[in-house]
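Protein chains in written order, with the working numbering: chain S, 1490 to 1708; chain A, 2 to 580.
Think of the hints as simulated: they come from the structure by calculation, not from any bench. Just so you know, these numbers come straight off a predicted model, no measurement behind them. None of the hints are false.
Derived CB-CB ranges, DEER-like:
#1 ASP544(A) - THR1550(S): 19 to 29 Å
#2 GLU415(A) - LEU1579(S): 46 to 56 Å
#3 ALA287(A) - GLY1589(S): 34 to 44 Å
Interface residues of chain S toward chain A, partial, derived using beta-carbon atoms under 7 Å:
#4 THR1669
#5 LEU1687
#6 GLU1702
#7 VAL1705
#8 LYS1707
Now the stretches of chain A that chain S is said to cover, found in silico as 3 or more residues with beta-carbon under 8 Å:
#9 32-46
#10 225-233
#11 253-260
Each residue gets a CB set at the ideal place from its N, CA and C atoms; glycine is no exception.
Next come the chains, spelled out residue by residue.
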Amino acid sequence: MTTENQQNQPDELLASLRQYLQETDFAHLTAVDQPDLATLFTDLSGLKTEVKAESRQFKATLDTLSEAVATLKTDNQTLADELAVAAERLQQRQRELERGLLLEFVDIYDRLSEGYRALQNYRPVDALFNHSKKQDVRFIESLGKGQEITLKRLEQLLQRRRVYPLDCVGKPFDARTMATLDIGQDPQLENGIVLEELRKGFLFEDQVLRLAEVKVNKL
Amino acid sequence: MSDIIIGIDLGTTNSEVAIVENGKVTVISEAGKKILPSFVGIDDKGEILVGETARNQYLIYPERTIKSIKRLMGQDAQVVMAGHHYTPQEISAIILKRLKTIAEQYVGQAISKAVITVPAYFSDAQRQATHEAGQIAGLDVVRMINEPTAAALVYGASQGEAKRMLVYDLGGGTFDVSVVNVQDGVVEVLSSHGDNHLGGDDFDQQIINHIQDHIREQHGMDISEHSKAMARITRAAENAKLVLSDEPYAQIEEEYLLEHEGAPIHLTLELARSDYEEMIDDYINATMDAVHIALKGAKLTVSDIDEIILVGGSTRTPCIRERLLDEFGFEPHGEVDPDLCVAMGAATQAAMINGQQIDTVLVDVTPYTYGTSAMGYLDGEPYPYQFVPVIHKNSVLPARKSEAFMTFQDGQREVRVSIYQGEDPDALNNIEIGEFMIEDLRDVPAGNIITLTLDLDLNGMLHVSAREKATGLEKSITINNAISRFETEALSHAKQRIDGLFGQKAGDETFSKPDSAAVAEARKLIKKAESLFETVSAEDKEDMVDLIETIASGIEDGDDNALQEPVARLNDIIYYLES
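Isolated chain A (complex conformation):
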């Protein structure tokens, strides 16, 4: 067996290591964690710390902790850690060595080879430095591949089809967008653009600011000096961000956050997705500009792109998906865990070098978009059946997504909810798969908020519920076989069309009948006899050939009875020959 080659994503903030076993890509976890923060440090006793422990001490001991060393790779610089000077290569090597150990513990044998990913914009000097880091760590870097290339490999770039992909990579602190060309299984980066200091951490900060403003308005106090309360709202902000990925509203609630004038203060704040999206709008715009710069760099336009791949945890933000859908007109792919995608691609490349079999990374996704219809606009005109997607095509199953809608008439007491499957902006061109009424709504002016939740499970069951936000009044239905039913329908439809082309009636089949048991046995016997030809005497062979001919003509005539006798004789001969 050839040596194991590991795949490593050596990131600015986080790093991961993956391998291919039995055709499957596995990102290796250590103590339940697949992500290793790219931090290196020295503790009180002079021992080296890598990952979370090093990050833990960053604030108190910055003089003996290093973070984001990737930004310095390839520069003629040195960093000081606990009084000693280190090159960026050496610090990176410490991270690589840790990843190597994690992989070795997992497979139970020594590992000496790796594929490492680097950003597409890395210069030769930066690549050389990464290579050296590998060597220092005791790793033979068999290949270095670009991060977007790795992502493209996970999404089946090696399958031979020629296509152009856009890789949109938004991590915690960095943003990169690349245009790649895939041909004959070879991935080539055509252009790349990005921002070294833009990412999901900025989004968190926006929510934190919003909460701080809210407390200042409500209670007239500045919370930033209270470290304990700050720690709590930082965590609450991050949670709210995650909730808003699936739901239109997030409740931010922190009881007993602070004490003010002798009484406890609780934080209760509702954050709407629309407000959050407004907060991060400038950042998203910046990424969209970068997308266009990258396209320009590749001398391509939006219509030249066949697929979009989402990489980096922050791409879970729904408005990014929506903006790309608006811009390109098709759904981006994000079904493979965007945090681990690059490491998985590195492992895929490693397995390809090793000649290992790799299955495509399979994730259960929905092949259709599910949504509802609402008052809206179609081609610039007001239209009552605009299709509003809730669960988008290629979403990972099980998927649970909510959207908010508003009543559009004063005193509207009921709403008809129709569920459609399809991608057409006109709901009526999609397939309606269910509908129900929600009644007895409050008698209030237009704008009464109804949240619609679609929950699609692995078995294709779609649970739909509509809820009047103010009262909690809820109505729900379950649609069975939301996925498979329409697949069969579409299939039979397609079959009818194709049959029509051949001028046949549906169901008119002229396939040959399957063999009867006697015929099957006879065929098997002939094969066995033929395999013995080389070892038998000429006389025996002649006998056998005669019998085979008799049997063959029996099979052709479809006469099972005529087969019996020659089959028995041939059986005898073979029996004697074999014994």
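Chain S on its own, in the form it takes in the complex:
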């Protein structure tokens, strides 16, 4: 666009000058009105200098502007980068926060399930002359049922949060998801098979939220 304009401009100017010269009647100009050539040339050269100076100034302004544009572009880029980093950091922070919270949930889950297990282990006294009271047995059974529901609720909550328990017992030991805390001996099982879960492990999406602590068979 600009180059085209620049090319067109002199032609247009020439054309209008030609038109002006053709259409203007110079006859009425007297010798008195005729300008002194020397003054004319001086003025012209002055004009030329002025135009030059001005065009230089325009150029300088253009340069400054394009510099400013470049600066703005880099600034914009830097800010965009910083924003991306900040967003990533925020997400990471959020994830860490969530992890911490989930770990506390999982700890409560452990304790509740220990309580549930203890209830399940309850055996009513059933000797010849000594029986547990029927209503007591019913009460304890019902308590166990309630615990089971609560526990299930907590499991569902964890699942919704994409937390999944690791299944370890009877499987080969895996150093990435389990930590050996104790070893046992069971000749019927293969070496390196998990005998017992000392603490349940959990995955959070595809990462380990908490290592399973296990007792492993060592022959």
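Using the hints provided, position chain A relative to the given structure of chain S.
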């Protein structure tokens, strides 16, 4: 840009890697963890494991897992891992390579240079072996520095001031104490002493034993055969240790720990800090003896030491700080994470070699000690206003600390709690910043326990609460600007004193007035004109010099109106010259 140099703390139990970016030291974490256990292993499929995963399998597969290889560095020994022989250098190299990868993932480019720390007592052979380990790992070890030197660097040893520091390093399994001399930014280790098998793990074990004894007494059963219960009390013991760092009592509670004779057994046990400190007293004494041996080795006494630096996670135990304070008479520094301090120092050294700018590691700390007064002793005499510090100077903010106190009269129903700021053992010589009464206490014999909790946040707000332990009766106050208020007060006090020296009244200021806008503009213009001198013709220059002189005399006379005309003319000239 020069190559990145990483700083590595290659420890016996744990290792870390750090770098300096934009003047700040960062310890690089992997999957949220900054600490890499110094374990190496091979899994079922023959793949190499480093760090936590290797530690996980240590108990079941000790034949293909190596730990604490640092203890073997420099020895002509070999370790067997999964049937193959390895030198200690090779095992260390595996750890270094892992750290190198962690750093490379973080910065997103290849790394080939490192500064590695070694214990001050390491012999030439041990240093040589560490150097080789670096080479095997593909790292050019540009320098090896002593661990205490690294710690001293983090605490500003490069700032030029000459001083002597004591570096007290108590980790999970090792203890070292070193005396270092700092002069002109150069750190020199004068002496070093330690115990290779003493650390925080021993403290945990004491608590575990205590819990086991308690269960034996209460329920008459030995718990050590129940691995699941043992795992739980091990964790509970470690937690209790952490709680006791800030509070006078820790509740150890584990529900459904075991079943005994058909009924579940719960563990509920309260551990007082004083009891815990008694349990670990022998260990602490051993470290204090080592401190004196190190001082003797450097031919120095306690009074020659200017600063103490705490390194290693176990230095969070309050009684260590207290013992050192008693012994040396000033507060030790522990504000930079003691677990990461050495790695940060290695990175600092790396940045110095690289000519990078490093800011001092800044942590928000309290510049004062806060505490209360109690019946006690001063200079061996009973004294009712002994100062009892609760939050010590240089503690990292936010800080929350509790202490336990006892009523000293039978049937004492109220207690006046005064909060002081200062370090003098006589509370009355410190500044009192608040007080309140706690009333309606139980009518019991002397010894009713009141816990006092001080909670100082980043904004300088100090929350104080006193609580009757048995009933939970609590009273609290909040003191605003606990930090800044007294800084300004101290400042104005100092200013008055200095002004007094000059025989001036406070507030009598004779500073020059700031420049007016016109003068400021004129000065700027003169500067601009002068910068053009080299490029202009002699005539223009003469004109400009004349105008500058006129303007300068106008500025001197303070006559803004006289400035207008010459400034405008000079502006014109510059405008034409520039266009």
